[in-house]
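A.B. asks: Residues per chain are reported as follows:
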Amino acid sequence: MTASCCVVLSRGDEAALDELWVRHAPWLLLRLRRRAPDEAGDLLQETFLAAWRNAGSFRGGDAGGWLWRIASRRLVDASRRARVRDPRRLPQPTGTDAGVTASAEEQVLADVLDADLATALDQLSPELRAALRATVVDGFSTREAAAVLGVAEGTVKSRSSRARALLRHHLASFTHSVEDA
Amino acid sequence: MIRTTDLGVTFGRTDVLRGLDLNLAAGVHGLLGPNGAGKTTLIRVLATTLRHDRGAVEVLGRSLARAKDTRWVRERVGYLPQSFGYQAGFTARDYVAYLAWLKKVPSRDIPPAVDRALERVDLLAQADRKLRRLSGGMSRRVGLAQAIVNDPLVLLLDEPTAGLDPEQRVAFRELLREIGVDACVVVSTHLVEDVAYACGDVRIMSEGRIVSESTPQELAALGEGSDHLGDSVIERGYTSALTSARSRSAR
Amino acid sequence: MTQQDRWHADTVALRQYATGTATDAVGWSVETHLTGCIVCRARLAHLFTDADRSELSRLRCELSVADGLAQSPASPRAALRGVLGPWWAWIGLVVTAFTAVTLLGVVPTPQSGLLTSWAHVLAPLVPLGMVAVVYALADRDPAAAVTPRGGLELALIRTAAVLVVTGPTVTAGMVTIGGGGGAAWLLPGLALCAGALALGPSVGIERACVGLTALWLAVVAVASPPSGLASAAAVIQPSGVTNALWAGALFAAIVVVAAQRERFDLPGRLS
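Residue numbers (this note's numbering), protein chains in the order written: chain A, 1 to 181; chain B, 1001 to 1251; chain C, 2001 to 2271.
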């Protein structure tokens, strides 16, 4: 960290921003990276500037959720801008498709996450998973999800409902196989 | 997202709009035409501020016959009129916040939404200045901020770039294109260049009707080598289209 | 939230997440948990790779608070001010109304036995005037009119605010000047206000206020000498009969407003 690249400011302002950064920059960076690898750094900075500016209007409660809402709006804006620049751009591969092979570590995950659910999720195609993530995990509206995923709104709806249906089906078949065993 | 069928508006004895058919999907749509062509009237009808006399209007799939539908539509529309009024003591931020409240943006979302809108129009530095102290271009941008604060599905802009300097106009066009990715944007303007670089299609109005519907590229092609009035190819294309439309209606 | 605080993410999952190798299933679970758990966010930071740590430093370094500009949240009072207009107008109007009532209270009307003073005659106009002023100051924006709240809701809030403020003020003034009829002005006052609302969708609330004021003054002029029409005087003189009539008028106006409530929110014919 070289001194030349930092602007010297009043202690109060920087300290407040540092506070926020230390607590939230790490997880936000990773989360943004899994959705927009190329722009995660820029988006992170924009989010923090906006968060710092609006810190006064934060009404308490879930700071993480509040920050993610700010970050996710910027993600939507960035996705739209990218679409304008290149209408044919395909959505980035989101998340990882790290294989379904059960490793020793993943067995341990059984108490983190229902292993059946994990396997069921991995059965879905990346597109279906992306649609589900956008609508369920990230809290995007259908319209925003469409912008982020680079597809039409109708596609978002049909993919999410298909993903849900498949999940239900897979989970049901797991239960059956356990009973049969 | 916007559909009109045989739309007509009459003021007194004059037909200000007649037989207007529109079918607009998401994207940026330009509206050109001379004064008195009816552009502002059309925008006002679409913005649900003016009642039409004939024909049908559907915005976001709803006709505006019932108050409930009109309120529903207004929550999802952004409108920048040619001149907007404001209260004396308001700052830019206050004004946009007030409009956000009027548009039913949820209370806890209003401050970040206002902030985002001001950032997108590049007015954060002047956000806390009183409106009356802002230059023409700046107050135009405040109006734009108000129009986009609720992330509208339909954005209607009447002469939005008046008073903006060239650099601001470029930024404005980029913003419009970004919004036009999944919203329906209609821009009524005198400035043909704005239309050329921001809009996916252009409609030319004259005497209450739409007389030409084309892409900016087609207009430019029309202007190539033509000797009509105009500083740029697009302008010549516009004048050319207008002239042939007029001669068609004269026959 | 307490449930989540007790449950923490597995270190393996966090490490996978930190190194970008988590599957979607693990990732989603971790992400959803992290938005609410301070402990695990800190644990995650510890598990960062060196490359990512320096990336974070670099990003922080480039960030200048000066770019973020001043911290200044939108004041929640903005909406209130937008709806009601500037506070000084209200103070001014209240003071003026009270003063006017008390001053007029000492000016007797030409015909004795009619009403004790001009205050009694003109008091019902106060709410009307105030509504007109509020609209004149606060309602200048075509963009604001075309909003979900900008029609009926706004009209009702403004009218209610005016009544809540002028009601006690004028009544206090009337009581101060004595001569009976402390609250007698209320019925005609309310009826006139409701009448302005009822006429609002047709001619605009401001114009309705002005029109009704003119009408009332015309009646007063007709009721005064030299013509001194008794029937006109009867309208503005509080009595059992006129009170009932004004109550009826108020009720009718409210019915009209209710019947027309859609029109407040529908596109109109702006001149």
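The hints are simulated quantities; they were obtained by calculation from the structure and are not laboratory data. Watch out, some of these pointers could steer you wrong.
To be verified - Using 30 Å as the maximum straight-line C-alpha spacing, the simulated DSS-like pairs for lysine-lysine come out as follows: (1) B:1104 with B:1130; (2) B:1068 with A:157; (3) B:1068 with B:1104; (4) A:157 with B:1130.
Claimed, not checked - A partial selection of chain B residues facing chain C, derived with a Cβ cut-off under 10 Å: (5) 1048; (6) 1060; (7) 1061; (8) 1079; (9) 1082; (10) 1103; (11) 1106; (12) 1197; (13) 1210.
Claimed, not checked - To give a feel for the contact side, a few chain C residues facing chain B, derived at Cβ under 10 Å: (14) 2050; (15) 2052; (16) 2078; (17) 2081; (18) 2261; (19) 2267.
Note that the coordinates shown come from a computational prediction; the quantities given were computed from them, not determined experimentally. No residue lacks a Cβ here, since even glycine has one placed at the ideal position from N, Cα and C.
A.B. asks: Can you give the numbers of the hints that this structure goes against, from lowest to highest?
C.D. replies: Failing hints, ascending: 4, 6, 7, 11, 12, 13, 14 and 15.
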